[in-house]
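Chains A and B supply the protein sequences, listed in that same order. Here the first sequence stands for residues 1 to 390, where the numbers follow this note's numbering. Here the second sequence stands for residues 1 to 390, where the numbers follow this note's numbering.
If you're looking for bench data, these hints aren't it; they were derived computationally from the structure. Please note: incorrect hints may appear among the correct ones.
Calculated from the model, a selection of chain B residues having no Cβ within reach of chain A, i.e. all distances over 12 Å [claimed, not checked]:
no. : residue
1   : Ala27
2   : Ala62
3   : Ile64
4   : Gln65
Only some residues are given here: those of chain B computed to face chain A with a beta carbon under 8 Å [stated by the list, open to error]:
no. : residue
5   : Asp3
6   : Phe4
7   : Ser5
8   : Pro9
9   : Gln224
10  : Ile227
11  : Ala231
12  : Asp241
13  : Ala244
14  : Thr260
15  : Lys263
Now the stretches of chain A that chain B is said to cover, found in silico as 3 or more residues with beta-carbon under 8 Å [unchecked claim]:
no. : region
16  : 123–137
17  : 185–194
18  : 208–215
19  : 247–260
The beta-carbon is built from N, C-alpha and C at its ideal position, and this holds for glycine as well.
For reference, the chains in residue letters:
Number of protein chains: 2
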Amino acid sequence: MLDFSFTSPTKYIFGQDAEHSAGSMAADSGMTSVLVVYGGGSAIRSGLLDIVLKSLQNSGIAYIQLGGVQPNPVDTLVRKGIELCRQNSVNGIVAVGGGSVIDTAKAIAAGVPYNGDFWDFWAGKAQIKQALPVGVVLTIPAAGSEGSGNSVITLTPEMRKISLRTDFALRPKWALMNPKYTFTLPPYQTACGIVDMMAHIYERYFSTTPGVEVTDRVAEGVLQTIIEQGAKVMTTPDNYDVRANIMWSGTLAHNGICGTGRKEDWTSHAMEHEISALHPNVAHGAGLAVIMPAWMTFMAQHAPQKGAQMARRVFGVTNTDDTEAALEGIELLRKFYQSIGMPLTLSELGVNESEIPAMVQRLHENKGAIIGGYYQLTAKETTEIYHLAL
Amino acid sequence: MLDFSFTSPTKYIFGQDAEHSAGSMAADSGMTSVLVVYGGGSAIRSGLLDIVLKSLQNSGIAYIQLGGVQPNPVDTLVRKGIELCRQNSVNGIVAVGGGSVIDTAKAIAAGVPYNGDFWDFWAGKAQIKQALPVGVVLTIPAAGSEGSGNSVITLTPEMRKISLRTDFALRPKWALMNPKYTFTLPPYQTACGIVDMMAHIYERYFSTTPGVEVTDRVAEGVLQTIIEQGAKVMTTPDNYDVRANIMWSGTLAHNGICGTGRKEDWTSHAMEHEISALHPNVAHGAGLAVIMPAWMTFMAQHAPQKGAQMARRVFGVTNTDDTEAALEGIELLRKFYQSIGMPLTLSELGVNESEIPAMVQRLHENKGAIIGGYYQLTAKETTEIYHLAL
Chain A
1 MLDFSFTSPT
11 KYIFGQDAEH
21 SAGSMAADSG
31 MTSVLVVYGG
41 GSAIRSGLLD
51 IVLKSLQNSG
61 IAYIQLGGVQ
71 PNPVDTLVRK
81 GIELCRQNSV
91 NGIVAVGGGS
101 VIDTAKAIAA
111 GVPYNGDFWD
121 FWAGKAQIKQ
131 ALPVGVVLTI
141 PAAGSEGSGN
151 SVITLTPEMR
161 KISLRTDFAL
171 RPKWALMNPK
181 YTFTLPPYQT
191 ACGIVDMMAH
201 IYERYFSTTP
211 GVEVTDRVAE
221 GVLQTIIEQG
231 AKVMTTPDNY
241 DVRANIMWSG
251 TLAHNGICGT
261 GRKEDWTSHA
271 MEHEISALHP
281 NVAHGAGLAV
291 IMPAWMTFMA
301 QHAPQKGAQM
311 ARRVFGVTNT
321 DDTEAALEGI
331 ELLRKFYQSI
341 GMPLTLSELG
351 VNESEIPAMV
361 QRLHENKGAI
371 IGGYYQLTAK
381 ETTEIYHLAL
Chain B
1 MLDFSFTSPT
11 KYIFGQDAEH
21 SAGSMAADSG
31 MTSVLVVYGG
41 GSAIRSGLLD
51 IVLKSLQNSG
61 IAYIQLGGVQ
71 PNPVDTLVRK
81 GIELCRQNSV
91 NGIVAVGGGS
101 VIDTAKAIAA
111 GVPYNGDFWD
121 FWAGKAQIKQ
131 ALPVGVVLTI
141 PAAGSEGSGN
151 SVITLTPEMR
161 KISLRTDFAL
171 RPKWALMNPK
181 YTFTLPPYQT
191 ACGIVDMMAH
201 IYERYFSTTP
211 GVEVTDRVAE
221 GVLQTIIEQG
231 AKVMTTPDNY
241 DVRANIMWSG
251 TLAHNGICGT
261 GRKEDWTSHA
271 MEHEISALHP
281 NVAHGAGLAV
291 IMPAWMTFMA
301 QHAPQKGAQM
311 ARRVFGVTNT
321 DDTEAALEGI
331 ELLRKFYQSI
341 GMPLTLSELG
351 VNESEIPAMV
361 QRLHENKGAI
371 IGGYYQLTAK
381 ETTEIYHLAL
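With these hints in hand, go ahead and build the complete structure from the sequences.
Here you go:
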C-alpha cells in the first residue's frame, strides 16, 4: 500500500426533499450572494430550479442565474460566469445539474478570485490558491463531480479538453442529492452515467500496487452494485431505491475512497477525451463504453492480473488462467454495456479509422510520449487500442 | 434507502512517516498551543511521543502533556485535562494513542469552552455547540475514533459507561496513521481491535432497511478484508501491508460509510458496555467477541435474513435456508474469533450468571425498556442473549 492522504469534506444531504436545503446549506457555508448555474431546460421543466431559487430566497440569499451549460462544457461560458460574478459581487456558486454544470461552476469558482485567465489552472500554468465555495444540487449521477476535486473543461476553438484534479480546492462544500430527480433521465443518459461511474472505479482499480485489499474490496462492492442496479433501472426507471443506489454509487466511485493507497491509471479517460474533443456530440459515457473494454483487452494480453481479479470477483468468472479469465470478464462487461443500450465500437460513435492518427497525436501531445500507470503505452500501443475499439 | 447526511471531513495522512506531519497539520488547523494526551508507556517507549512533540516544536506550537489514559477512559482524567487546558489557554488537543486516548481528547475538547460540567453532553442534558479542534496520531486500529464523531467515557464511581455520538462536533480535524506503530501491538490487543471494528460494521449491517445494496456491498468488502488480513496478522505481525489494510479498515468501519441510508442497531455495543462497566479489566473487543455472536444467534431464530446474507456473502455459506445459513455463518465467525485468541463465553471473561440480572437492569435503565432497531428487545430477550453467551 502506498502512502496517501484522504478527505471527503463535502456535506451530502441525500434523500427525499434534499433540494429544499439549498438555502440553509448556502447560508451555513457563508454564501450571501450566489450565481446559480444550470444547463438546459430540464431543471426548469422539473420545477427543481424554482425550488432551489425559492429556498435561497427564504434564507435571504441574493442570486443571479447562468443557464445554458452544454455537455462537454467549454471555456466561453466559464468566462461569462466569472464576469457575471465579478459584476455582482457574488461569493458562492450553486450548480443545479450534472457533471458539466458542476464542472463549469467549479471553474467559475476558481476563476473569480484569480488575477489572470482561469485556463492557467487547466493548462498547468498556475495552481488554485483560493476559490469561491461551490454547492451542488445533483440531477445526473455520472461524473461524480459532486464529491470530487475534479473539473473537465474544453478550450475553444481548439477543442482541447483538459481534466484538472485537485485534492481539496475544487471539492464542493455541500451536495443535495434527491434520487427522484433522476427518474426522468432518458435511458441513454442513465446508461452513459453508469458507464462513467464504472470507469471511475476501473481507472483506480487497474493498478500494480500490491497490498490494497481493502480498497479493492470496496471498489468491487460498488462495481457489483452498479451492474446489478444498472440492469434494474432500465426496466424500473422510477424505482426510488434503484435510483438511490446508483446515485450514491456514482459519488463513491469518484470521491477517492476507491483509490486510497495505490497508483491509478486514467489512460482510458484520456483516450476517450480525444474522441469527444473531436466529436463533441459523443457522450463521455458512450465513448468510455467503447474505449475501456478495448484498453482492457490489450491489458489481458500484456498484464492480465487485475482484469482477471475483476472478472472473478465482480462477474464470478471461474477460469483459473488469468488471460482467459480477463477476456471472459471483458466479454461480460461488453454484454452488460450492450444490454443497457451502449455502443461497443468507434464506428457506432461515428468515428472512422482515418481519425485514429490525429487522436493518437493529440493524446500524446496532451499527456506525454509515454502514458499509463498500470502498463506504459507509447503511440504504437495507443494506436493498437484505438484499433481494438473499431 | 432512508434519507441520510454524510460527511467525512477528517484529513487522513496515511503511511510511512505520517507522524512527522503533526506540527504542520496542527498549524493548518489553527492550533498554536496544544494539550498532548496519551496513555501508558508505549507511546514513550516507541519514540512516537518524542517525534510528535518535536514536530509541534518545529512548527512553533506550544504544548503541555497529559499521560495516563487507561482503557475504558474515565471522567476524572477528562476533568483534569479541561482544567489544564483552561489554565494554559490551550486552543487544540492532540491525541497520541488509540480509542481511549482519542475519546478522552474529544471529551476535553468539548468541555473546555463549555460553561458547565462536560458530563452534561454524555448524560444527554446539553448539546455540544463548540469544541476545540482535535488532531490524532493513531497507534491502535480498533475504535475508529480517529474518523468518527463518537466518544465513550465512563463516569466514576458509578462506572456508568456512555457512548456519545455527534454528526460533526467531535470529528477530529486530522489523523496521522502510520501502520508501523502497530507492529508491536500484542496479539491480544490486535485481536480485540479486529473484533471491535467488525462489530462497528455489524451494528450497521444488521438493519431492516431495504434497498441499501451499495452500503451492504461496501460493508461486506471491509468485513472480508478484516477477516482475511486479521488471520494473516497473527502470523506476520510486522507485515506493513497487512497492518495497513487493518488500520484503514478500522477507519472505514466507523466513519459512517458502512451505515449510509439505513437504520442501525447498536444493541451489542450497549450490552458489552454493561460488561466492561462492571469488569473494567475486560477489553471492549473481548466483550464484543462474546456478545455479538450471542446476539446474532438470537437473531438467527427471530430475524435470520441479514445474518444469512452475511453468512453467504462474507463467509461463502451456500445453505439456502436462512436460519441454517445464519447459524453456519455465526459458527464460522466464532471460529475466526477463536483463531485470533478471542474468548467466546462470558465465563472466559470472568462474568458469572449471577451478574446477568444487574447487567440487564442497568442496560434498560440506560437505554430504555425496549431496545434495538433490527429487532426489538425487552429485558426478557436481553436476558436470554446474555444467557446464550454464558
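Each hint, compared with the structure:
1. Ala27: holds (16 Å)
2. Ala62: holds (26 Å)
3. Ile64: Non-interface label stands for Ile64 (chain B): nearest chain A Cβ at 28 Å, farther than 12 Å.
4. Gln65: It holds; Gln65 (chain B) is separated from chain A by about 27 Å at its closest Cβ, greater than 12 Å.
5. Asp3: With Cβ-Cβ at 3 Å, under 8 Å, it holds.
6. Phe4: The hint holds - Phe4 (chain B) has a Cβ within 8 Å of chain A, the shortest such distance being about 5 Å.
7. Ser5: holds (5 Å)
8. Pro9: Cβ of Pro9 (chain B) sits 4 Å from chain A, so the hint holds.
9. Gln224: holds (6 Å)
10. Ile227: Status violated, d = 11 Å.
11. Ala231: violated (12 Å)
12. Asp241: holds (3 Å)
13. Ala244: It holds, given that the least Cβ distance between Ala244 (chain B) and chain A is near 4 Å, below 8 Å.
14. Thr260: This hint holds: Thr260 (chain B) lies near chain A, its Cβ roughly 7 Å from the closest one there, short of 8 Å.
15. Lys263: Violated - the Cβ of Lys263 (chain B) stays beyond 8 Å from chain A, reaching only about 13 Å at its closest.
16. 123–137: With 0 residues closer than 8 Å to chain B, the region 123–137 of chain A misses the three-residue bar; violated.
17. 185–194: violated (count 0)
18. 208–215: holds (count 6)
19. 247–260: holds (count 5)
Hints 10, 11, 15, 16 and 17 from the earlier list are contradicted by this structure; the remaining hints agree with it.
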